[in-house]
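2 protein chains.
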Amino acid sequence: MNQPIGVIDSGVGGLTVAREIMRQLPKEKIVYLGDNQRCPYGPRPVEEVRQYTWQMIHYLREHHSIKMLVIACNTATAAAYEQIKRALDIPVIGVIRPGARSALKVSRSLHIGVIGTIGTIKSEAYQQALLDINNEVIVSSLACPEFVPLVESNNLSSLETYKTITKRLNELHGDENMDTLILGCTHYPMLRPQIQKAMGSRIKLIDSGEETALEVSTVLYHKNLAREESSQPIHHFYTTGSAQMMETIGEQLLGYRPDVKTVRIDQD
Amino acid sequence: MNQPIGVIDSGVGGLTVAREIMRQLPKEKIVYLGDNQRCPYGPRPVEEVRQYTWQMIHYLREHHSIKMLVIACNTATAAAYEQIKRALDIPVIGVIRPGARSALKVSRSLHIGVIGTIGTIKSEAYQQALLDINNEVIVSSLACPEFVPLVESNNLSSLETYKTITKRLNELHGDENMDTLILGCTHYPMLRPQIQKAMGSRIKLIDSGEETALEVSTVLYHKNLAREESSQPIHHFYTTGSAQMMETIGEQLLGYRPDVKTVRIDQD
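In the order they appear, the protein sequences are chains A and B. Numbering of the first sequence is given in my numbering, commencing with residue 134 and proceeding in unit increments. Numbering of the second sequence is given in my numbering, commencing with residue 134 and proceeding in unit increments.
No lab work stands behind these hints, which were simulated from the structure alone. Here the structure is a predicted model, which means the values were calculated and not measured. Just so you know, not all the hints are guaranteed correct.
Intra- or inter-copy, both count: the list cannot distinguish identical chains.
Result set (BS3-like, lysine-lysine): computed pairs, CA atoms no more than 30 Å apart in a straight line [claimed, not checked]:
#, residue 1, residue 2
1, 255, 356
2, 255, 160
3, 200, 160
4, 218, 238
5, 356, 238
6, 337, 238
7, 218, 330
8, 300, 330
9, 356, 330
10, 200, 296
11, 394, 160
12, 337, 300
13, 330, 238
14, 330, 394
15, 160, 330
Modelling step: build the complete structure from the supplied sequences, incorporating the hints.
This is the structure in structure tokens:
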């Protein structure tokens with residue numbers, strides 16, 4: 134199965150998922166598409182998020198024969214995962230279920246926090262995924278609409294950023310029994326040190342990217358789709374926005390400067 | 134999908150996997166069978182392990198309609214997993230791949246240790262599973278034949294036990310770059326505190342049971358096999374050996390005293 138894995142995201146956040154797939158599955162090839170031009174998806178109506186997500190999928194499948202689709206965006210997963218999974222003939226992995234499953238592995242108090250975009254939190258997708266598996270879970274959810282713009286503007290380590298994060302996360306501090314916090318947005322791992330500091334070391338953070346890559350590994354194996362060729366995989370990166378911006382953030386995240394092409398996907 | 138998940142093991146070690154399935158997937162029903170009479174499998178020839186494992190599977194499938202099989206024994210997984218996976222029409226989960234995948238998620242140095250029975254270590258099944266995914270991994274393997282008898286004799290927390298463990302694990306101490314150790318036997322989580330102490334807090338331990346239960350969760354979901362009934366699940370426990378012994382160890386592990394029945398499985 135020499136075809137690539139397609140990874141789509143509203144912008145650069147999904148690069149944290151792509152990075153984890155490269156790290157955990159170094160033989161696999163990736164085709165990445167970020168819809169930076171219309172990022173963030175978080176505040177948009179569900180129908181619009183669905184439409185944009187389908188445009189990304191159509192673009193990828195027209196230009197590449199992908200063996201699996203990873204929706205590396207929590208907002209898009211919350212809005213469209215079930216629909217897409219039913220419609221496609223290849224395995225589809227979202228970022229919500231892997232994060233929920235892993236939180237249930239890690240949490241002992243069964244009081245689990247979730248932070249995400251307005252769209253993700255409003256959808257209650259995490260809550261539903263957690264309760265589907267264990268109906269004794271208590272979930273504390275918090276929308277953090279300031280966080281994605283901080284990442285997309287590449288403003289990660291300033292004091293201003295830390296202050297914004299701390300102020301928002303203070304709203305979760307009443308929940309003393311909480312022992313696990315799901316980073317319910319693929320941008321948030323880029324703010325992980327600041328989030329860990331703000332929450333305290335007692336709280337275990339669940340990184341969607343790490344857990345999604347693990348699920349990709351499991352599903353590739355059980356569907357007999359793992360790549361067997363041993364040649365070095367070549368990845369491809371596309372954005373609907375600034376190629377240079379994705380190259381800069383990509384370089385910080387991936388350890389090499391990816392070659393990014395700008396494409397149009399809204400012509401259908 | 135109201136059918137139970139079948140869990141088989143050479144003895145009581147697989148109860149750590151069953152416990153994790155109950156914890157992470159509290160809606161699922163389990164049928165457990167431990168071949169205590171012929172435990173340990175570790176030192177036995179591969180062909181014999183295969184034969185005994187098939188006898189357990191035949192017994193379970195004759196008496197219960199299971200929707201998934203979990204081989205909760207590293208020795209049996211190493212000896213027979215591929216064969217069983219090909220032969221059965223239900224999903225089959227072993228304990229080796231989940232542990233290997235999780236180690237690759239956790240390790241940063243890519244130098245990974247594996248401890249297990251003589252059979253598991255001799256099979257090189259972990260090494261193969263790790264290298265299948267990432268051929269830059271360095272694996273240090275060590276057989277610990279004394280560990281299973283310590284657990285099966287319910288002799289967990291004595292000073293003698295700790296001394297035995299430390300003495301054996303000292304053999305791994307030359308490998309300074311190692312940052313992750315796979316507990317490649319489902320009995321070993323019962324010795325986890327002693328193993329962690331002997332290895333030092335720097336080493337991340339991978340518990341086959343936790344990771345296998347996570348993989349059960351993922352595969353149930355992607356194969357549409359999760360249980361949907363909300364009634365409290367009732368589990369069943371069988372052993373080929375002493376029911377009382379499994380009840381005693383089960384009580385320590387599961388938090389309640391299971392009702393265990395002794396059965397014969399070698400009549401075919």
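To see whether the hints hold, each was checked on the structure:
1. When the C-alpha separation of residue 255 and residue 356 is checked against a cutoff of 30 Å, the pair qualifies only between copies, where the shortest distance is 28 Å, while the shortest distance within a copy is 33 Å.
2. Within a single copy, residue 255 and residue 160 get their C-alpha atoms only as close as 37 Å, which misses the 30 Å cut-off; across copies the closest is 26 Å, which meets it.
3. Proximity of residue 200 to residue 160 under the C-alpha cut-off of 30 Å is restricted to the intra-copy arrangement: shortest distance 14 Å within a copy versus 32 Å between copies.
4. Taking the shortest alpha-carbon separations for residue 218 and residue 238, both the intra-copy value of 24 Å and the inter-copy value of 25 Å come in at or below 30 Å.
5. In this homomeric assembly, residue 356 and residue 238 come within 30 Å of each other (Cα to Cα) both inside a single copy, at 23 Å, and across copies, at 20 Å.
6. In this assembly of identical chains, residue 337 and residue 238 lie within 30 Å of each other by CA distance both inside one copy and across copies; the values are 11 Å within and 16 Å between.
7. In the homo-oligomer, the alpha carbons of residue 218 and residue 330 never lie at most 30 Å apart, since the shortest distance is 37 Å inside one protomer and 45 Å across protomers.
8. In the homo-oligomer, the alpha carbons of residue 300 and residue 330 lie at most 30 Å apart inside one protomer (12 Å), although the nearest pairing across protomers, at 39 Å, exceeds that limit.
9. Taking the shortest Cα distances, residue 356 and residue 330 never come within 30 Å of each other, neither inside one copy (40 Å) nor across copies (39 Å).
10. In this assembly of identical chains, residue 200 and residue 296 lie within 30 Å of each other by CA distance neither inside one copy nor across copies; the values are 42 Å within and 51 Å between.
11. Taking the closest pair of Cα atoms, residue 394 and residue 160 come within 30 Å of each other only inside a single copy of the chain (23 Å); across copies the shortest separation is 47 Å, beyond that limit.
12. Proximity of residue 337 to residue 300 under the C-alpha cut-off of 30 Å is restricted to the intra-copy arrangement: shortest distance 19 Å within a copy versus 33 Å between copies.
13. When the C-alpha separation of residue 330 and residue 238 is checked against a cutoff of 30 Å, the pair qualifies both within a copy, at 23 Å, and between copies, at 23 Å.
14. When the C-alpha separation of residue 330 and residue 394 is checked against a cutoff of 30 Å, the pair qualifies neither within a copy, at 36 Å, nor between copies, at 51 Å.
15. Taking the shortest alpha-carbon separations for residue 160 and residue 330, neither the intra-copy value of 34 Å nor the inter-copy value of 35 Å comes in at or below 30 Å.
This entry does not satisfy hints 7, 9, 10, 14 and 15, going by the numbered hints stated previously.
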